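Colleague: Here are the chains, one letter per residue:
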Amino acid sequence: MSEARDATVIRVEGLSKTFAGGFEALRAVDLEIRRGEIFALLGPNGAGKTTLISVICGLVNPSQGRVLVDGHDSVQEFREARARIGLVPQELTNDAFIKVWDTVSFSRGLFGKPPDPAHIERVLRSLSLWEKRHNRMITLSGGMKRRVLIAKALAHEPEILFLDEPTAGVDVALRRDMWEVVRQLRDAGVTIILTTHYIEEAEEMADRIGVIRSGELLLVEGKHALMQQLGRKELTLHLREPLATVPERLARHALSLAEEGHALVYTYDAESGEEDGTGIAELLADLEAAGIAVKDLHTRQSSLEEIFVNLVKEEA
Amino acid sequence: MNLESVKTLYRAEMARSLRTVLQSIVSPVLSTSLYFVVFGAAIGTRISEVDGVSYGAFIVPGLIMLMLLTQSVSNASFGIFFPRFSGTIYEVLSAPMSYWEVVVGYVGAAASKSLILGIIVLVTARLFVPYSIEHPLMMALFLVLTAVTFSLLGFIIGIWADGFEKLQLVPLLVITPLTFLGGTFYSIDMLPPFWQAVTLANPVVYLVSGFRWSFYGISDVSPLVSLAMILLFLAAALAVVAWIFRTGYRLKP
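Going down the list, the sequences are from chains D and V.
Per UniProt numbering, the first sequence starts with residue 1, numbered consecutively.
Per UniProt numbering, the second sequence starts with residue 1, numbered consecutively.
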């Protein structure tokens, strides 16, 4: 197994889940997670993100399909599969009266690892929890509890870490901290899969992004590829004199009128190679030839958020 | 067998009850002692011997059984219900443990706790009434089997219950009446013939009878029948637990 480590650390094949009530939470999902990447699973509430994670981690039985974790079937070889995974759940679930040190040590033992106080100390220090190690859970703030849940998930030295909505209900400063923690983990070689409905988070963190809606994985792409493919650039030209319609001689350009004729909006592919160009030079030349005076101009690239909204709208 | 995981779960469960030592140890011992004072010392002196044993001594095995049953059920049901209720169960379910290892952890801890309590009460009883134990090994066997069987029952209740009311329901409406009517305070041949027959449908009768036999060599039903019945309950409880795991009932959708 170890001599030829597969680049794919998790392989999800044709995974479907229909709950007892008949609700189809996942529909034939195929997904590969690469070793060492940060993968963001992006989708609106109720899209099936948590269900997908729950099936991989063994909390929910699949209806169809299978999951391989480092080559181990998550049902038949659940010990090998689960030993590699750490899970940070969405809800801040905890035993209110247990102490931080005890609950993190408990997690390690539960995953079958012999006690290792040095490792627990490292984990607690890396999450700025060391000072709080003798505190009971009930005395901690929400952000601290979230960190304890991460510490618990890391206590058994997993290769793969699932973070289900890690920054839900977390303030901005703490969210930045959390991202920093995730980056450090990735640098340490941990594969990270996080779910989020904050696009900002996916954009900031992820190497690759999967968009899920109504139990279907709409697409999986590298973040940059996704933004390149779907990212449109807009050039807005503010005009001196308003136009009633787009003049005939400018028809070959993808133009539309905006601001009641005071502006022309030109949409183009940001990444369309250099040989055919963006068409901006030709457009400006044609504008001049048509005698249209431009007062000001600016360009704007669509963010992942807009891409996502468009994507989910398109499919709906 | 993933021994480290089982050990961790078992220890955590035991530690949880040590955190609430007053509730888990002192209160059952106190309430059982009250029974000894009232029924054994106060009222018992006015009651003639039952089957050649003083009344105070006669009720000792029954009271230990009573405490063992209720504590096993409540320890085990709370032990599994609480993590389900608070959501911390996710960790146990995502751990590389088989279902049976989870059972050994939870049920083993619950049974251990009620066994410890049983022994404490046994020792405490000696302060109030003199008694003898004729068959100590059989007594220990009855104790262990009962603690394990009823902890399994508690585990099942803790998985079935979807609220705190249901958690209380079965112990209150089923276990307590059965134990009181199970011959703890009387020998069933004191009952009219009709009620004697009805009583034989009460599983607790077999437990109390067998347990009392291990003390004094007297019993309402043959000790072998008692043993067979306990094993039957144990098998039934294991079958239900196996079904729960096969279907994922209330644990794993």
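None of these hints come from the bench; they were simulated from the model.
All of these numbers come straight from a predicted model, not from anything done at the bench.
Warning: the hint list may mix true and false statements.
[Unchecked claim] The calculated lysine to aspartate or glutamate pairs, modelled on DMTMM-like cross-linking and capped at a C-alpha distance of 25 Å, are:
| id | chain 1 | residue 1 | chain 2 | residue 2 |
| --- | --- | --- | --- | --- |
| 1 | V | K252 | D | E216 |
| 2 | V | K252 | D | E77 |
| 3 | V | K7 | D | E157 |
| 4 | V | K7 | D | D116 |
| 5 | V | K7 | D | E305 |
Colleague: Let me make sure I understand: some of the numbered hints might not hold for this structure. Which ones are they, in numerical order?
Modeller: The structure conflicts with hint 5 only, although it agrees with all the remaining ones.
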